[in-house]
Amino acid sequence: DTEVTQTPKHLVMGMTNKKSLKCEQHMGHRAMYWYKQKAKKPPELMFVYSYEKLSINESVPSRFSPECPNSSLLNLHLHALQPEDSALYLCASRTTTGPPSGYTFGSGTRLTVV
Amino acid sequence: KQEVTQIPAALSVPEGENLVLNCSFTDSAIYNLQWFRQDPGKGLTSLLLIQSSQREQTSGRLNASLDKSSGRSTLYIAASQPGDSATYLCAAITQGAQKLVFGQGTRLTINP
Numbered sequence: 001d002t003e004v005t006q007t008p009k010h011l012v013m014g015m016t017n018k019k020s021l022k023c024e025q026h027m028g029h030r031a032m033y034w035y036k037q038k039a040k041k042p043p044e045l046m047f048v049y050s051y052e053k054l055s056i057n058e059s060v061p062s063r064f065s066p067e068c069p070n071s072s073l074l075n076l077h078l079h080a081l082q083p084e085d086s087a088l089y090l091c092a093s094r095t096t097t098g099p100p101s102g103y104t105f106g107s108g109t110r111l112t113v114v
Numbered sequence: 001k002q003e004v005t006q007i008p009a010a011l012s013v014p015e016g017e018n019l020v021l022n023c024s025f026t027d028s029a030i031y032n033l034q035w036f037r038q039d040p041g042k043g044l045t046s047l048l049l050i051q052s053s054q055r056e057q058t059s060g061r062l063n064a065s066l067d068k069s070s071g072r073s074t075l076y077i078a079a080s081q082p083g084d085s086a087t088y089l090c091a092a093i094t095q096g097a098q099k100l101v102f103g104q105g106t107r108l109t110i111n112p
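Protein chains in written order, with the numbering used here: chain A, 1 to 114; chain B, 1 to 112.
Rather than coming from a laboratory, the hints here were simulated on the basis of the structure. Beta carbons are placed, not taken as given, at the ideal position from N, Cα and C, and that holds for glycine. Be aware that a few hints might be false.
Heads up, simulated PhoX-like pairs for lysine-lysine below, C-alpha to C-alpha not over 25 angstroms straight-line [to be verified]:
| # | chain 1 | residue 1 | chain 2 | residue 2 |
| --- | --- | --- | --- | --- |
| 1 | A | 53 | B | 99 |
| 2 | A | 40 | B | 42 |
| 3 | A | 36 | B | 42 |
| 4 | B | 42 | A | 41 |
| 5 | A | 18 | B | 99 |
| 6 | B | 68 | A | 38 |
| 7 | A | 22 | B | 1 |
| 8 | A | 40 | A | 53 |
| 9 | B | 68 | A | 53 |
| 10 | A | 9 | B | 1 |
| 11 | B | 42 | A | 22 |
| 12 | A | 40 | B | 1 |
| 13 | B | 1 | A | 18 |
| 14 | A | 36 | B | 1 |
| 15 | A | 22 | B | 68 |
| 16 | A | 36 | B | 99 |
Just a sample of chain B residues kept apart from chain A, beta carbon distances all over 12 angstroms, derived [stated by the list, open to error]:
| # | residue |
| --- | --- |
| 17 | 27 |
| 18 | 32 |
| 19 | 38 |
| 20 | 45 |
| 21 | 112 |
Estimated spans, in silico, between C-beta atoms of each pair [to be verified]:
| # | chain 1 | residue 1 | chain 2 | residue 2 | range |
| --- | --- | --- | --- | --- | --- |
| 22 | B | 14 | A | 52 | 27 to 33 angstroms |
| 23 | A | 5 | B | 10 | 28 to 34 angstroms |
| 24 | B | 79 | A | 77 | 43 to 49 angstroms |
| 25 | B | 14 | A | 73 | 43 to 49 angstroms |
| 26 | B | 20 | A | 17 | 44 to 50 angstroms |
Kindly generate the complete structure, drawing on both the sequences and the hints.
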């Protein structure tokens, strides 16, 4: 398995809703990432997990709450979002051992906040 | 702080042409450099990864080079096809850092 799987592919939520984005990989990668991408812009780093511990938080608002319950799963919990949070949310993973490897990205979740 | 720049921002060429996309970075202490392709509304597909000890990588019609001393990487696409139309992103990871720093991307259109 050489993929990063993200669910759902599309999500529409109201500003008072609570929802979660999920990311799963079975490549044994111990570094996992959440990125946010607005239209016609490159991805922006949100969070980095290394060995299931949060190692980087890029000053992301608390309405975004990441969770890494095990080495294969990464969640992003959403609460009280704003319309400007509408974007493509991308998950990525990378190995932390052996020869340097590249990043593997999922296909993303298209989030619309109404 | 690593900064990555891609030129041009957009490129439109007729089918069959060979073309070069450019990527420059400011910090030569690069760990590796990765080229991605992104179709509209989709995720990122990795095309080529060049490690710091390498000068180039090839995959099919694609060839990527890395020159750390000049802070440049190029992606060469041979015999372009309409299916190559997409946004191409280069990204660098600096030694010791955990972040992938992206360029702004080049939006490529191949006209039939």
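Each hint, compared with the structure:
| no. | hint | in the structure |
| --- | --- | --- |
| 1 | A:53 / B:99 | 16 angstroms, holds |
| 2 | A:40 / B:42 | 12 angstroms, holds |
| 3 | A:36 / B:42 | 13 angstroms, holds |
| 4 | B:42 / A:41 | 13 angstroms, holds |
| 5 | A:18 / B:99 | 28 angstroms, violated |
| 6 | B:68 / A:38 | 30 angstroms, violated |
| 7 | A:22 / B:1 | 31 angstroms, violated |
| 8 | A:40 / A:53 | 31 angstroms, violated |
| 9 | B:68 / A:53 | 32 angstroms, violated |
| 10 | A:9 / B:1 | 34 angstroms, violated |
| 11 | B:42 / A:22 | 16 angstroms, holds |
| 12 | A:40 / B:1 | 23 angstroms, holds |
| 13 | B:1 / A:18 | 36 angstroms, violated |
| 14 | A:36 / B:1 | 20 angstroms, holds |
| 15 | A:22 / B:68 | 37 angstroms, violated |
| 16 | A:36 / B:99 | 14 angstroms, holds |
| 17 | 27 | 16 angstroms, holds |
| 18 | 32 | 5 angstroms, violated |
| 19 | 38 | 9 angstroms, violated |
| 20 | 45 | 8 angstroms, violated |
| 21 | 112 | 24 angstroms, holds |
| 22 | B:14 / A:52: 27 to 33 angstroms | 50 angstroms, violated |
| 23 | A:5 / B:10: 28 to 34 angstroms | 32 angstroms, holds |
| 24 | B:79 / A:77: 43 to 49 angstroms | 47 angstroms, holds |
| 25 | B:14 / A:73: 43 to 49 angstroms | 46 angstroms, holds |
| 26 | B:20 / A:17: 44 to 50 angstroms | 46 angstroms, holds |
When held up to the earlier numbered hints, the structure conflicts with 5, 6, 7, 8, 9, 10, 13, 15, 18, 19, 20 and 22 and fits the remainder.
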